[in-house]
Amino acid sequence: MFQYRKATEEELRRLWNRTIRMHPFDRRCRAWKQAFLQLNRNNMGATFAVLHNKTPIGEGTLLFSPQADAIRGRAWLADNTHTANINALRIYKAYEGQGHISALIKEMEQYAAARGFTRLTIGVDANEARTRAIYRHWGYTEFLGEAVEDGDTVLYYAKTLSP
266 MFQYRKATEE ELRRLWNRTI RMHPFDRRCR AWKQAFLQLN RNNMGATFAV
316 LHNKTPIGEG TLLFSPQADA IRGRAWLADN THTANINALR IYKAYEGQGH
366 ISALIKEMEQ YAAARGFTRL TIGVDANEAR TRAIYRHWGY TEFLGEAVED
416 GDTVLYYAKT LSP
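The sequence shown: position 113 = 378 (the working numbering), numbered continuously.
What the hints contain is simulated information worked out from the structure, not anything from laboratory work.
Using N, Cα and C, we set each Cβ at its ideal position, and we do this for glycine too.
A couple of the hints might just be wrong.
Stated by the list, open to error - Computed Cβ-Cβ distance ranges for the label pairs, DEER-style:
hint, residue 1, residue 2, range
1, A340, T320, 12 to 22 Å
2, R384, N308, 32 to 42 Å
3, T418, R384, 15 to 25 Å
4, R286, G416, 21 to 31 Å
5, C294, T396, 28 to 38 Å
6, T273, N345, 31 to 41 Å
7, N345, P428, 30 to 40 Å
8, A359, T396, 34 to 44 Å
9, H402, R295, 18 to 28 Å
10, A340, R286, 30 to 40 Å
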């Protein structure tokens with residue numbers, strides 16, 4: 266049985282602990298774990314999970330505040346009022362291509378709209394043509410601009426949410 270919903274702190278810890286185990290030499294993972302836990306505690310964002318039999322297998326985070334580390338200072342991506350940013354979409358390899366991230370995105374969009382957000386933004390690596398096509402299919406068609414992050418060019422798109 267699959268569920269798509271806002272993650273509990275314990276589910277978020279489990280997701281990040283697995284990521285840390287998978288990348289034991291990447292020091293950034295431990296820092297990101299703490300950053301995302303704090304982000305959820307401070308209501309600067311909300312992480313959502315794909316659960317399979319109550320086990321988290323995927324995630325995505327809505328960033329509300331331009332003070333969130335991943336988008337620091339870029340209010341055009343999230344302004345804490347009308348615009349929020351979808352960030353850190355991931356699913357375990359065994360579950361890719363089964364529609365789980367699409368279902369999670371719908372849940373995230375509904376959550377954002379229920380809280381008064383009218384627009385969502387999302388970023389994609391410029392080299393990821395397949396992912397860009399998926400985002401367009403979801404309605405993220407308004408090109409906002411690009412930024413270089415960790416040496417990669419990221420393209421940003423927006424979608425206006427239906428009331």
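Evaluation of the provided hints:
1. The supplied range of 12 to 22 Å is broken by A340 and T320, whose beta-carbon atoms lie about 36 Å from each other.
2. The beta-carbon spacing between R384 and N308, approximately 19 Å, falls outside the hinted interval of 32 to 42 Å.
3. One distance hint, 15 to 25 Å for the beta-carbon pair T418 and R384, holds here, with the actual separation near 23 Å.
4. Range check, R286 to G416: about 25 Å between beta-carbon atoms, so the 21 to 31 Å window is met.
5. About 21 Å separates the C-beta atoms of C294 and T396, a value inconsistent with the hinted range of 28 to 38 Å.
6. With their beta carbons about 23 Å apart, T273 and N345 fall outside the hinted range of 31 to 41 Å.
7. Look at N345 against P428: about 20 Å separates their beta carbons, and that is not inside 30 to 40 Å.
8. At roughly 19 Å, the beta-carbon separation of A359 and T396 lies outside the given 34 to 44 Å, and the hint is violated.
9. About 35 Å separates the C-beta atoms of H402 and R295, a value inconsistent with the hinted range of 18 to 28 Å.
10. A hinted range of 30 to 40 Å holds for the C-beta pair A340 and R286, which are about 35 Å apart.
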